[in-house]
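Here is what each chain is made of, one letter per residue.
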Amino acid sequence: MSIDPIFLVEAAVNGVLLGGVIALLALGLNLIFGVLDIVWIAYVDLVMLCMYAIYFLVTVHGWPIWGAAIVSLAVGAVLGVGVHLLIISPILTSPPINQLLATGGLLFFVQSAATLFWSTDHRSVRLSLPSWEIGGIFIPATRLIPFAISILAVIALYLFLTRTYIGTAIRAVSQDREAMSLMGASPQRIYVVTSAVGGLMAGLAGALLIFQYAVHPFFGGQFGPLTFMVCVLGGLGNMVGAFVASFIMSEVIAVGGVVMSTEMGYVIAFVIFIVMMFVRPGGILAKRQ
Amino acid sequence: MTAGYGQFTALWDVSLRVDSGEAVAVVGPNGAGKTTLLRVISGLIAPRAGALTFDGATLTGLPAHQVVAHGIAHVPEGRRLFPMLTVADNLKMGAFLPGARARFTESLERVYTLFPVLAERRAQRAGSMSGGEQQMLAIGRALMSRPKIILLDEPSMGLAPVMVFRLFDLIRRVREEGYTILVVEQNVRQVLKLVDRAYLLEVGRIRMEGRAAELSEQDFVRKAYMGV
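Here the protein sequences line up with chains A and B, keeping their order.
The numbering used here applies: residue 1 is where the first sequence begins, and numbers increase by one.
The numbering used here applies: residue 1 is where the second sequence begins, and numbers increase by one.
Note that these hints are calculated values from the structure, not bench results.
We put the CB at the ideal spot given by N, CA and C, even for glycine.
There are no misleading hints in this set.
Each pair of labels, with its calculated beta carbon distance range:
(1) 50/B <-> 272/A: 58 to 66 Å
(2) 37/A <-> 205/B: 34 to 42 Å
(3) 85/A <-> 2/B: 33 to 41 Å
Derived, one-sided and incomplete: chain A residues facing chain B with beta-carbon distance under 7 Å:
(4) 168
(5) 172
(6) 182
(7) 183
(8) 184
(9) 186
Below, a sample of chain A positions facing chain B; criterion: calculated Cβ distance under 10 Å:
(10) 165
(11) 169
(12) 171
(13) 175
(14) 176
(15) 179
(16) 181
Okay, chain B solo, but in the shape it has when bound:
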């Protein structure tokens, strides 16, 4: 698909697929259009051209709140928690959809098992937690909607190196729970260890793709950061 803002085109004929149960990464330098790509998928911006199909349904042009209902959960860049609400209320909002609401208790237990720190901090205001904890809450909130696929936008952004390591470990555990993941990252080295396949996005176009194991990290890193 092709998408952009106003006169500016951020994505040119970008095409990608994610199979059920897969973990796929989109890497690339700053300003490559990675965030735009996820925003188009989750319906926050409408594409200019192209189509989005998911699980047999055409989602092109649907507003964000209808896209979620199809099982696509987006953990946006910068986490976008509700800072003044408690951890528990943030998770409750994750289960806003009627289907998710019905399974609230069960989902909550799963999220608390995955991220025990959230259970400890359930009464704390989301905005008062550390960056790493906030990212866990953002992922936990997305899981509360019982999605089929999770879109992660720069989960490691702004985190201390130790925390990045822990976070990728946690995302790996989310994966093992059977969730399909599409992750956008600048942290190429870490993310290639996590995913099955990866795409390299550069100034709005897909430049490379392949199985993570076969792609040489050097190639990707060089392409992603030096553009050669």
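Bound-form chain A, shown alone:
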């Protein structure tokens, strides 16, 4: 079986486009991990809740997509702060296994609650957007727009973390918590801001994912493991590594999906992940020991 090279090129382009949104998810999760040392297992489930918010605003209340997207950002930020104050804050000093159980428990809670309220129906917001053809490759706006916005958001995050006091403080706290309190920064305040930013990114990711994907209570299972894998592959807490790993993984999935099948694309991605864990346990950008 031979594949027309044009399909491969198209798959590669799609991989890049998908990588942008994956990067957004991975950077959000990584940001929180870098500062709090806790992995929000339920991160993509918060994204799912934001997608439901958009779905209902657009289809039931007739909101424009951009208006619903702004609400989604706010919902994400509020969820982020809520998760921190209600779940993370009380267990900050607990053993890692308890933290894992607590955020994992949140995942089951959110999935079950979503099933209870909204059933297991797949719901999508139907947007009629154009497609462009460039040299025989179709680039739909439903992929290009989310990609472009993701990249802008990553740049905004970079500027936030490097140019502002609070952003620099977020990086500083991840290096030395106690020293940052000697600088006059309340650690709790930094944690809340970090969680809000992480939540905001979840809200944005939700707004971008709904361009291409239907939302359902188990949406988290579709992107959660992938996001976590990208973070580990890039080196947990390493933002640049996560960004690079997002594109590697999305390329593998997109191209592998065309060459073999969608499922095999994921299988290859996970195999690469497992092999890399042996070769470079500290992440792709880590120095070899």
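Once you have looked at the hints, place chain B on chain A.
Using the frame of chain A, we list chain B on its own:
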């Protein structure tokens, strides 16, 4: 005040004062409780008993980030820089408090004048500098908060002898800028030349105190290191 960790008591009824514009040293052997003393003052650990007053305000039991806002800057043991941040970003973090932020440019100029090497290395990662340069950055970072008093914990620790000499010279210049200093040191000989008064702390208790000029170095050194 009295303070400690868990079951262990590190400081027993320790009482000391520092007047405005003064430089005071606390010397003593390893494990005397010197670091604990500074950590209690800056709010990193809460005292079990006793009170801390500063400039008319009672600071007892306040968390560290609120103590700084009263004008107490702590240069902790081992410097505790943000190693992955640049020199400039470390200094920026020193000015995190809103009041300090407003005077950032002015403070930065003062720190760069005091430590020109920091200006040269502003884009370098803090963790990649030498021990002496890192200590200058730690002091510079503390100055960025526009403190009234600076707590220095073992500034000469881990430095080459030549660097120790230079560093004490620089601390003297910081003093001349009008800052009040409370310094904890093992390097008794050097530190006694720097300060007005000194306390000798030994297994959690103040054993001696007096004006630096009147205290015989031999007495202090003997007490501090041999316990006689």
